[in-house]
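**Q** Just so you know, the sequences run in chain order A and B. Numbering (this note's numbering) for the first sequence: 142 to 570. Numbering (this note's numbering) for the second sequence: -19 to 297.
Calculated directly from the structure, the hints in this document are not laboratory data. Among the clues, some could well be false.
Said to hold, decoys possible - Quick look at which bits of chain B chain A covers, simulated, 3 or more residues with Cβ under 8 Å:
(1) 40 to 50
(2) 75 to 89
What the hints assert, rightly or not - Which residues of chain A face chain B? A partial, calculated answer using Cβ under 8 Å:
(3) Lys254
(4) Ala299
(5) Ser335
(6) Ser354
(7) Gln540
(8) Ala567
We put the CB at the ideal spot given by N, CA and C, even for glycine.
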Amino acid sequence: MKMGRMKIWKLLGLAAAVAVGALLVSSAGTAGQSQSVKLVWWHNVTQGPGLKLYKDIVTEFQKRNPNVEVEAVPLQNEQFKTKIPIALQSDSPPDVFQSWGGGGLVDQQKAGKVADITKYVKPWIKTLGGSAAGWQVNGKQYAIPYSVGVVGFWYNRALFRQAGVSSAPRTWPQFLAAIAKLKNAGITPIAIGSKDEWPDAFYWDYLAVKLCSKKVMQQSAVTYNFSNPCWVKAGKLLDQLIDAEPFQDGFLATPAQQGATSSAGLLANGKAAMELMGHWNPGVMQSLTPDNKVPKFLGWFPFPNVPGGKAIPGSLLGGGDGYACSWKAPQPACADFLKYIASPSVQRRIGAIGFGLPVRKGTENSVKDPNLRIVLKFRSSSPFIQLYLDQAYSAAIGQALNGAIAQQFAGKATPVQVVQQITKAAKKK
Amino acid sequence: MTSLDGTTVGRVETRPTVVRVGRKWLAIGLFLAPALALYTVFLIVPVIQAVRYSTYAWNGLGELTDYVGLANYREAFGDPAFRQAMQHNGILVALSLVLQLPLALGVAVLLNRQLPGRSLLRLIFFTPYVLSEAITAVVFLQILQPDGLVDEFLRGVGLGGLVHLWLADLGLVFYTLFVVITWKYIGFAIILFLAGLQGIPPELHEAAAMDGASSWTSFRFVTLPLLGPTIRIWAFLAVIGSIQLFDIVWIMTLGGPAGASSTMATYMVDQGINSYRIGYATSVAVILFAICFVFSILYQIFVLRRDVAGSVTRMAG
């Protein structure tokens, strides 16, 4: 519980060593700048075919640009939350770093920590279609996505058949009816990782996407005004679902992705019939099955439509991964590097190895997995993709939103209280 | 006593000259300087900086521009979630003292006797303390899963009715964590008490026995008073540890569900790292620091004073 004295001194020693090291490194960096430039690239790919692809990207880019050296630094995804703000605050931020767009990017832009790359990307940005919009702030481009996916239901076709659900539900009433049938057949209808809170928010977010108009959704990320009745109504429909008790035993303590008893693990091992999750789910499930394969029974259907909803049909909830250039990154080298990641050659490989859903127009057919092809079909034909709300909003408000919805799942907040809590968080500084 | 000792010493020693006094302080200064410098740079300065940050609304990016005075502190004390977290820490302190103390004391007294396999038993009790917090948390996370080891064991011995959602039940999860924490840290208390018990001369117990004291009387009036200093030190560590509890809770429940197992530290990380409300989270850190600091000082003055006999500084930190 308490840090021992020895430990503190060791840490101090380490900190001092790091500080001295940083000084040395930074002075070395300035000395070499006259000849060529160096891009330090922080990414979250630490294993698998993705890591190999990234190594290839570095080699190829350096070959094409002999005066640019790229140093790739793989970091655990969770580390980004703490490392990025501290690094951006320092004098030696990474040049290229992971960006998920939305409110987080807005906060970084407001603080002047990300570079405006609009003029560099203008000639080719259109080739990414609508996907690039999520990485813009006030119409200016601050980062480039390399993979964008949408959230939907991953389901076990065998269990659906067994329960007599012949086709994937298309509307909310059909969805509730399917849940009842699955329950009657003794099958846990839905696996959910409520410990992590954000999987809870997917339901509320999606109901809002279906109930609120596109205009209301887009304005909410700017004005943080939630007075439109559609927000409370989303919570009320969510209550219908929670009251039907479709989730696994003890779902409030279930993590989303860690281990066979996580929600992804339950679906992967046939212990639950479906899970509302992003396009990364097959990859997660694969690592949680005994044979390390994506289960054969896996299917995908989009979130059901809600009667009386104001959304344009086909509106979806989604998000993706991209890279931003920090304020200190050498230009145009950094923008060129992002261009290379968005190039057809790299984008096709991203699709082919199942690493992501490519954003470059014309590279979609590189995706081989039949389920991901369906996801991609829905993404490409969608008139409006709302970024996950916790990501679309400023971090503090997004986190408060997840927390409030988690309270509703735990029976501790009503739909009205959820909206009140989010509104209150938006008023805080 | 002291004055007598003092005068004796004064007469024997030659009066130090000014030069010698100067040298003495120089030596002290030289020896202390590295430690003091590190202590200042890595402890005092960050504490002062934290106090400064806590008066700003700041998301960790950009300059400190939005001065809010004490608003962060007002918000913290007004936030039901933080009050709930404080309450949890309070319950933890009370439970630690009321339940862990007698338990550890009992086991220590038992392990202090001549009994077969004593060293093995000591090892077994102490092992959990050697495990890292993360490993403990992950192992118990598996054991406490629905239909996990605990549930299957209970069903196996015919106590299926006792099966609960150990980590998902809002009313239960905090006490489940307390059991895990007790399992993890009780070994340390036992080892401390064992060391204390071995410092008690057996003659005292023999004398008590000859005076006709029962084993309880002997424990109550010989063992317990002589174990006092050890117990007081343990209680100090237990209280501070309970106030600062973080790792096991964070890994097992993230403070949830719905804040049912939050502590001040998990609340702080949630606000700071997850919500990027660095200014506000720092005010929570300062509150946490103030509570520990004030408790430490008061404990030194009122409880530990006789044990450490004037050298208060020796125990600080």
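**Q** State for each hint whether it applies.
**A** Hint check results:
1. 40 to 50: Holds, because 5 residues of the stretch 40 to 50 of chain B bring their Cβ atoms closer than 8 Å to Cβ atoms of chain A.
2. 75 to 89: With 0 residues in contact (Cβ-Cβ under 8 Å with chain A), the coverage given for the stretch 75 to 89 of chain B is violated.
3. Lys254: OK, holds: lysine 254/A within 8 Å of chain B, min 6 Å.
4. Ala299: Constraint on alanine 299/A not satisfied, violated at 22 Å.
5. Ser335: At about 7 Å, which falls below the 8 Å cut-off, the nearest Cβ of chain B leaves the hint on serine 335/A intact, so it holds.
6. Ser354: violated (28 Å)
7. Gln540: holds (4 Å)
8. Ala567: violated (12 Å)
Of the numbered hints stated above, those contradicted by the structure are hints 2, 4, 6 and 8, listed in ascending order.
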